[in-house]
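Protein chains in written order, with this note's numbering: chain A, 76 to 195; chain B, 623 to 1002.
Just so you know, these hints were derived from the structure itself, not from any lab. We put the beta carbon where it would ideally sit given N, CA and C, even for glycine. The reader is advised that the hints may include incorrect statements.
[Stated by the list, open to error] Reference listing, derived: stretches of chain B covered by chain A, where coverage requires no fewer than 3 residues with Cβ under 8 Å from a Cβ of chain A:
| hint | stretch |
| --- | --- |
| 1 | 667 to 674 |
| 2 | 819 to 833 |
| 3 | 965 to 972 |
[Unchecked claim] Listed next, with one range per pair, are the computed distances between beta-carbon atoms:
| hint | chain 1 | residue 1 | chain 2 | residue 2 | range |
| --- | --- | --- | --- | --- | --- |
| 4 | A | Asp185 | B | Leu679 | 39 to 47 Å |
| 5 | B | Leu735 | A | Glu191 | 30 to 38 Å |
| 6 | B | Gly971 | A | Val122 | 54 to 62 Å |
| 7 | A | Pro178 | B | Glu857 | 21 to 29 Å |
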Amino acid sequence: MPGAVEVSPDSIDHSSPQPGGALIASRCPDGHSTAHPPLDRCPVCWVPTERVALSGSGRLYSFSTVMVGPAAPYTVGYVDTPEGARIFAHLTTPEADLRPDQPVRLRLADARATWEASDA
Amino acid sequence: MREVVIVGADMTPFGKHLDRTLPGLGGDAVRGAIGDASAARADIQAVYSGNVAAGSLTGQRIVRDLGLGGIPVVNVENACSSSASALHEAVVAVGAGVHDTVLVIGAEQLTALGRGPLPLNRDDHEAANGQIMPAVYAMRARRYLYEHDLTPADLAAVAVKNRSHGALNPYAQIRTTTTVEEVLASRPVATPLTLFQCCPNGDGAAALVVTATPERFSGPPVRIRASVLHSGRFETGFRDMTTPQITVESARDAYEQAGIGPEDLSLVELHDAFTIAELLYYEALGLAERGKAAALLHSGETTFGGHTVVNPSGGLLAKGHPIGATGAAQVVEAVWQLRGRAGDRQVGGARIALTHVTGGGMAGVDHGACAVHILERNAA
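All chains should be modelled from the sequences, with the hints used to inform the complete structure.
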């Protein structure tokens, strides 16, 4: 999907005060893994995971603007969340205003996730 | 394990072979390799064939018209590492004494798929949402430049070097030299990577005759000192994309198997699918310390006349990357170099070569597969 990541309905927490809801990750009860999209079992210990709502904040590890294909241009990146998940992200902030380690914030609307630069 | 050697090697030129078929390309390489070994078809006891995109039974489709039926034919798909994985399986079987002499094939016809980036698996969350291989490498590049205060010109210098090597190689898909300015001005594919920093789509095939009984053949043997195959490990959280873990671990095991270190290498054929890859792999293979890959490149030590010539064939960036053929073709180049038969691109005094191929895009792993081989010129 160009410009956003489509989020499956079972990985959105609509009870969250965040606009559009919160992203849900899986978390190993023994702390081995935190994953989004969520995994039913921890890949390290195979124990069934718990669900955890993400805060929607994160740090941009790296990014690239894709210039080929029918959906181009669009900017993708990896966001590391304080909960320990790395998330494949679409960025709406212009590339020129992005840098690695930039703080970013989630925008979730109609089950489509994008991320933008934030100050905090 | 018995000592395993290569006594026959050949490949087709890489390029856009629009008027050829996959069995036709594969057949050229197979006849060439068997002829190079002065082997007879009856010597071949099994076939290990690597291909990614041409469907089922590609090995059988290649050898059918060559009259090589009745023996085991094993088809290996491991993304860009397919035919290097096939060689690994051949080394294991011959080394263990299951067979004495086998054939390894790598063949691919990417022009049959059309243009542009290769399709990734749609059941992959990232691929389904716009991830493409050039962007994966582009993100590695962005992070690497950021962490080490480098510029896109440092990346472009990889393409300039490898294109200068490819210009000397009649088997290379791209045989023109280029400049940093031209590389940076070529059209953007996934920022900061431009077109000339991406390997071209193409077709080709390579084949090897692998044996434990070289005295039966007249092809000058090249020793296989190490054969290592790894898969990637899944990480759900932070992963350092500038440290290609699967390559680090494969190289470590290969050096241990061979009992040598990176300082002993005369040449390396490595997986430069994109410019940034060559810099990251200098470090992963132990040719440069962390953060020092660009300095090594600029020093000239990885081109002709340097300590370890990297990608004398032109690498994936110039020789081309018909993915299923690439691993076997790297080994063909290494065999030719170690025999002193590499023509204008001969690495002087080549004694030990390392080949490295990785690849396969999957969310949460560095790469799906990686194969490393170390080859040595026969002392005799």
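Status of the hints after comparison with the structure:
no.: 1; hint: 667 to 674; in the structure: violated (count 0)
no.: 2; hint: 819 to 833; in the structure: violated (count 0)
no.: 3; hint: 965 to 972; in the structure: violated (count 0)
no.: 4; hint: A:Asp185 x B:Leu679: 39 to 47 Å; in the structure: 45 Å, holds
no.: 5; hint: B:Leu735 x A:Glu191: 30 to 38 Å; in the structure: 36 Å, holds
no.: 6; hint: B:Gly971 x A:Val122: 54 to 62 Å; in the structure: 56 Å, holds
no.: 7; hint: A:Pro178 x B:Glu857: 21 to 29 Å; in the structure: 22 Å, holds
Checked against the numbered hints given earlier, this structure breaks hints 1, 2 and 3; the rest are met.
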